[in-house]
Amino acid sequence: MGLGKYIARRAIYMVPLIIGISIVAFLVMYAAGDPIQLATAGNPSITEAQRNALREYYGLNDPIPMQYVRWLDHFVHADFGKSLYGGRPVNEIISTLFWETIKLQLVSILLAFLISLPAGIYSALKQRSATDYTISSIAIFGISVPVFWLGIVLILVFSFQLGWLPSAGAHGAPYLWPVFGIRNETLDELVHLVLPATVLTLAGLAYNVRLLRAGMLDVLRQDYIMAARASGISERKILYKYALKNAITPLITLLGISIGYMIAGAPITETVFSWPGLGRAYVAATLRLDFPLIMGITMIITIMILVANLITDMAYAWIDPRISIE
Amino acid sequence: MVALRRNKNSEKTMKRGASQWAVAWRRFKKHKSGLFGLGMVIVLLAIAALHTVIAPYPARPAPDSFKPLYEGEAAQPPSWKHPFGTSVMGTDVYSEVIHGSVYTVYVAVTVTLITMLIAVSVGIVSGYLGSYVDDVLMRITEIFLVFPSLLFILVFARLYQLRNPEPFWNIFGINVPAGLTMVIVILSIFSWASYARVIRGEVLRMKETEYIQAAKSLGASSRWIMLRHVLPNTLSQIIVLGTLTMAVAVLLEAAVSFLGFGDPNTITWGRLMEEGLQDLSTVWWVEMFPGLAVFLTVLAFNLVGDGLSDALNPRLRE
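So the sequences go chain by chain: B and P. For the first sequence, position 195 matches number 195 in the working numbering, and the numbering has no gaps at all. For the second sequence, position 257 matches number 257 in the working numbering, and the numbering has no gaps at all.
It should be emphasised that the hints constitute simulated quantities derived from the structure, not laboratory data. Backbone N, C-alpha and C fix where the C-beta goes; we use that ideal spot for every residue, glycine too. Worth double-checking, as some hints may not be accurate.
Quick list of in silico lysine to aspartate or glutamate cross-link-like pairs, EDC-like style, CA-CA up to 20 Å [stated by the list, open to error]:
1) B/K241 - B/D223
2) B/K126 - B/D218
3) P/K32 - P/E208
4) B/K126 - P/D310
5) B/K82 - B/E56
6) B/K237 - B/D320
7) P/K30 - P/D306
8) B/K126 - P/D306
9) P/K30 - B/D132
10) B/K245 - B/D313
11) P/K32 - B/D132
12) B/K103 - B/D132
A short list of chain B residues far from chain P (calculated; beta carbon distances all over 12 Å) [as the list claims (entries may be wrong)]:
13) V107
14) S137
15) Q161
16) I233
The following block holds chain B by itself, in its conformation from the complex (with noise of 0.2 Å):
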């Protein structure tokens, strides 16, 4: 089957799923509770004629099949509709936070996949010496420290104690971080990125090196390396060629789904830090109920999981051809 072929059609299996995902998150949001309610219960002087005026503005008087099918046909036009507090479009507060969240993801998920490969694979390699225990050791504290722990922690000797780097936020501006006693707006991004970043980065290069180095040991004990190395092959065409090769496609795997999954994840680390994105925004959007700002950023967001889904196993056929896209 043609790759274009094989697109089109895990595109047409994603539209009854993005459908069943959006009936879904819409049934559970008008459940939850009425946000006009919860945005005026604490304003006595307000009548329940004017919160009615305000439920009729924005259309949820109106029975919610017809008000589903109404988003789905914005949505249909890429438009997600104004969000209740302000009226701003969700589109246009989508675009100003996605570049923030996908920043911050983006350095942490590949740092992490660029440590772990050398430490998963030595690790593995020298099982049980020292450095294995020390990188094992330091995995296995990775995977179970609460994220944002970790990162109260870090702003807690960071900034409050020794004063080096911001704790919130993901600009100064108008004042800017001094680095080095140098004032400049790349400098200042950079600062504010070194916290939330390396706490993401150690969650997760801690899974990464785990997997990894569990695969390369699956690998090592393999027939085929021993016959490799009965053959007189050189230790290091051993890992490289044939070992390494094996042992990675579970951790690309893992890259897809972290790429596919990084907004998805960001609300812990986006509260810690006060970070302007996606993930903060659907915390405070779900809190008071603001309908299309929550059904946009869960589309968004699950749009992204089936693309990278698709693209991992696509990368999947790529490095293992004994796996067929079908």
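Given chain B, put chain P in place with the hints provided.
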């Protein structure tokens, strides 16, 4: 080298008749970090069981839980009297962490039970019966795999928070926190899918073995084979996955509570951290110790899980 080492394995020289579990326990005992983790889990269980005795102050909302406030000791750093310090509203953080351990155990155990129940049923039925049953179940599993689960967990948790019918259910005289139980159910619904796939893979491999074929040719029903042959043989896998689920469940519940979506009526470790976050710059200890408790608990489960996986899957050991 590898082959030589495998031959030297002492398993062959082990006493005959020792059950599979005795052998596994013997292997586990050699795993120092696994034993250490098990010790930590036992300590956690002991703290949870004796929390009313150990904690110097009662749990909220008892009036005495705010005693440090009346004694003029709110927002105090750690001291001999208050090992973990006191919060801004005048509660003793040490006592609250101890009381919170009960909820942590509750979350770990129930999420794991529900998750494994779904995962094992789906995995075994799907793997063993195959054909259209497998197709349908695996399509459903795939949907749960691509669900942005954290997002849905948050919306569902918010739904329950806003509806909040009653704070506690009285089940056999025990006050079960309703909101926390709903968070548990939500977490379980979104965590079983990947485990179901692992178990299905295991069952697919097992299906081709001689003893299953033999049972089938003797006329055993599918139900009998699944319950009497397949299930017991996936047990070691289930135990390892279950331990990992405990770790993940504790982490996720803490995260959900930390983000402000937890049960407002239960003071879990995550909830303590949520309350303390706004005063981070002044009372860091309110954040530090509950977080440390989460970390150590998750670490304990992960260490046990690693030890068990080495002990129960000797294939992966060398």
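Outcome of the hint check:
1. Between B/K241 and B/D223, the direct Cα distance comes to roughly 15 Å. Compliance with the 20 Å bound is thereby established for this hinted pair.
2. A hinted pair counts as satisfied when its Cα atoms are at most 20 Å apart, and B/K126 with B/D218 qualifies at roughly 14 Å.
3. Restraint check for P/K32 and P/E208: the C-alpha separation of about 36 Å exceeds 20 Å, so the hint is violated.
4. This hinted pair checks out: B/K126 and P/D310 have alpha carbons roughly 18 Å apart, not beyond 20 Å.
5. Our distance criterion of 20 Å between C-alpha atoms is met by B/K82 and B/E56, whose separation comes to about 14 Å.
6. Of the supplied pair hints, the one linking B/K237 and B/D320 holds, its CA atoms being roughly 18 Å apart against a limit of 20 Å.
7. Using a Cα cut-off of 20 Å, the hinted pair P/K30 and P/D306 holds, with the two alpha carbons roughly 12 Å apart.
8. The hinted pair formed by B/K126 and P/D306 meets the criterion: a straight-line CA distance of about 19 Å does not exceed 20 Å.
9. Distance restraint check for P/K30 and B/D132: the Cα-Cα separation of roughly 18 Å lies within the 20 Å cut-off, and the hinted pair is therefore satisfied.
10. About 16 Å separates the Cα atoms of B/K245 and B/D313, which keeps this hinted pair within 20 Å; it holds.
11. Straight-line distance between C-alpha atoms of P/K32 and B/D132 comes to about 16 Å, which keeps the hinted pair within the 20 Å bound.
12. Using a Cα cut-off of 20 Å, the hinted pair B/K103 and B/D132 is violated, with the two alpha carbons roughly 32 Å apart.
13. The claim that B/V107 is not at the interface with chain P holds, since no C-beta of that chain comes within 12 Å of its own (minimum 21 Å).
14. Residue-level check failed: B/S137 sits 8 Å from the nearest beta carbon of chain P, not beyond 12 Å.
15. A beta-carbon of chain P comes within 12 Å of the beta-carbon of B/Q161; the shortest separation is about 9 Å.
16. Remark: the non-interface label on B/I233 is consistent with the geometry, its nearest Cβ contact in chain P lying 15 Å away (cut-off 12 Å).
Comparing the model with each earlier hint shows violations of hints 3, 12, 14, 15; every other hint is respected.
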